[in-house]
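> Protein chains in written order, with the numbering used here: chain A, 554 to 783; chain B, 1060 to 1339.
Hints were generated in silico from the structure; no laboratory data involved.
Treat each hint with caution, since some may be false.
Okay, derived cross-link-like pairs now, DSS-like style, lysine-lysine, Cα gap no bigger than 30 angstroms in a straight line [stated by the list, open to error]:
1. A/Lys670 with A/Lys730
2. A/Lys693 with A/Lys735
3. B/Lys1297 with B/Lys1131
4. B/Lys1245 with A/Lys751
5. A/Lys751 with B/Lys1223
6. A/Lys751 with A/Lys735
7. B/Lys1245 with B/Lys1111
8. B/Lys1282 with B/Lys1245
9. A/Lys670 with B/Lys1223
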Amino acid sequence: MAALATMMPNFGQKVSAKSDLVPEWTSQEVSTGTTIMAVEYDGGVVIGADSRTTTGAYIANRVTDKLTPIHDRIFCCRSGSAADTQAIADVVTYQLGFHSIELDEPPLVETAANLFKASCYRYREELSAGILVAGWDRRKGGQVYCVPIGGMLVRQPVSVGGSGSTYIYGFMDSNYKPGMGKEQCLELAAAGTHCCCKACWELCSQHCRHIHTGAALSHSWLRGSDRPMR
Amino acid sequence: MATLTVNRAALGGFSFENCKRNALLEGEANKVGCSLPSARKTGTTICGVVFKDGVILGADTRATEGMVVADKNCSKIHYISPNIYCCGAGTAADTEMTTQIISSNLELHSLSTGRLPRVATANRMLKQMLFRYQGYIGAALVLGGVDCNGPHLYSIYPHGSTDKLPYVTMGSGSLAAMAVFEDRYKPDMEEEAAKQLVRDAIAAGIFNDLGSGSNIDLCVITKGKVDYLRPHDEANKKGVRTGDYKYKRGTTGYSLLITHRRHDVFISSMEMMSEVTCVL
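This is chain B alone, in the form it adopts within the complex (with noise of 0.2 angstroms):
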């Protein structure tokens, strides 16, 4: 018999078809005694900073499978405009899209204005496109750029909210970032102070979170020029090894062996026999 397949007009958003059946499988697999496989986050330190000229963006470089490092050397940069760049911190896959996305929106209406784009656009096409998914796409991102109005800094949370500030940290290593924000930042700092202070903010969530580590990329955004950092710091370079197990060339190998008999009962014939194992 012939199927049919009618055609339905697909629905935004994602599709929760299948959280009945996932809970209810969820419930009887608890019941045996065994745990269903969990979707895991990414830790991050991500973080930035308005200075006298523009905008500083700072990132570490770790992005772990559980408790692996996946990629000791991943961008958590991204490119949104010319003068607009996004840190992301959360599912990496969803910083990832999500920036790329909004990246393509963004040069189609810039293209139809006729003009550079600006920072609010941005966080207006991404904290509408977060709460439309509510908070399902777990994204928390840094954006951060220069337009005509000047530097801009948001932070924007993965269930839509946003905040406009001078400087902003995300992700699990964000509470040692701002902890050196809070005690350092001044406003209105020059360049290399302010590029300074984000790679210290970096390196307290690298040195004192687990989630994040390896090395510190940074992104000066200034009007009309872009610094792309990467890396800027190498902090946690891979060690030389100071000794070698190997012998060298030329070695004399012997071998010592010493066993005890009894000596009450074989004192006629002891034996001893000497060897000298080396055990490699």
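Excised from the complex, chain A in its bound form (with noise of 0.2 angstroms):
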């Protein structure tokens, strides 16, 4: 059974001395200052991530996987903490694939979302995660859904999220347009992601899926430096 985490109220004691000998950045939280963001078109939605997960101001991991696969056609964006996003992943994975398994047909995406809100409205003060759901399904065809900090749901045909995303809101503004085809949505989502490495000085991937009806997934790694400077 996947285990959802009795959650112990926290009283913010800090247990660590200002030891000289262990620096800071040891005893942090390791959080994923992110940009993660997902377009949806008619037949798919294609998201996409940067790959840097940090300790303070230590890179713990420069090729992180922020688009965990929660179902075949259904995939999770996670920023915010790398433990609680992880951790309500694989309790939504669990239960998403018994529900499945009890329907015997493919899960909706909105079923998806609202097993996300659930936990994250629930354990809304012990945790520190912000995700978009994107997925297809027969139902309704591509799909994204929103579910930041504190647990609202809402579905949106374009989302951005994780702290790097405020750099390119208005990117997003102006350059997306409803009813898109799927090769500008990808570029949309390649531009977009590598515009918020820039401004936040990261020289690291991103990384761009696209889940389309019917086809293979596709997946592609963008390297900081393949994409010219604008």
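Starting from two chains that each stand alone, build the complex the way the hints lay out.
Dropping the structure here:
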């Protein structure tokens, strides 16, 4: 059974000493200071993210995959605390898999989004997790759902998240148009995450996936140096 | 009067009942001007690398208690199962007990399934336990092993997040070790080259981080074989004294003390005592 933690109230007690021998960042929680985004189009969705995980000022993992599969055609983009989002994603993967076996058919994206919302809202005081749920199902096609910190659930045609997303609000507003095709969405996602990385002085790769009905899921790693400076 | 005791079912996790009281005490202590003693963490360098045939784990052997070395040759590579080992950084007691608990549970699981345990299973068990305790168990682990799906290497943080990577470092000396890895790691290395790389990474941590030191331990895990090399490299042998302050037998001792008197007053009785005093 996937464990959902018995959430203890956090009194904010600092246990570790200010020891010169052991630097600050070894005791800090691992966080994904992040850019994630998801765009839906007719027939599927495109999701993208950067690839950096930090503990304080140290980069713990420079090739993180923040686009986590929840089911065959449903993914989630994770931002916030790495431990919290990994734990929630594991729980929802289990619950959705069980549900899908009970139904004997592929689950709906809206179901997955509601499972995320249930966990994120119930433990909102203890968790630090901003999640985008994106996927394709037979009923409504490509869908993007936003589950930010606090546990709200809202469906949006395009969504960005993470601490780096603030740098591309303007970019997304001006470049996204409803009714874009698959190639334009891929271009938008790649450009968006790249702009974010440049704005944050991140020299790391971006990571774009594309989920389409019927066809195989495609996946591309883009190195930061591959894209020209605009 | 007889006192009644009520049996309460044990709740999971730690009991935080005294935290409010401790916070109050700390506030009062700060008002007076002194501070409460706080828990210390051990500095460490641990690392792991995936090579062609398996996984190599490395660790230093220093355990510190504040500014003093508590154990010059402690073992930081813990046994999880015959094909899986785990290096531990952070609070020594936490890493020791966590790995023992998971090792025990994994053996029961393995007997139940009838199969050799997988590294992913150990990873799941460790991350779910650490997440349950919300980071209060200060165990940062490097988990490595070889199972039916090949070699695997995970880094596990105290809050319960994990990363599956080809090379990882943890502990206070991890920056120094990671610098060595980033420079010289190549995929599909040979065993000797990989051992040298891990040895150099731990050595970088030992010589550049105050919290790490003494010897280098290695654990080479391949399909069907585990080489636990302890110590692999004694990078910090205690030196031999080259000089000696003792005097050889038969040395003649003598003493000389020179005192100066004022010549203008006592010219007639100028005294000079000669003694050479050797001070040992």
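> Starting from the hint list further up, note which numbers the structure goes against and sort them upward.
none
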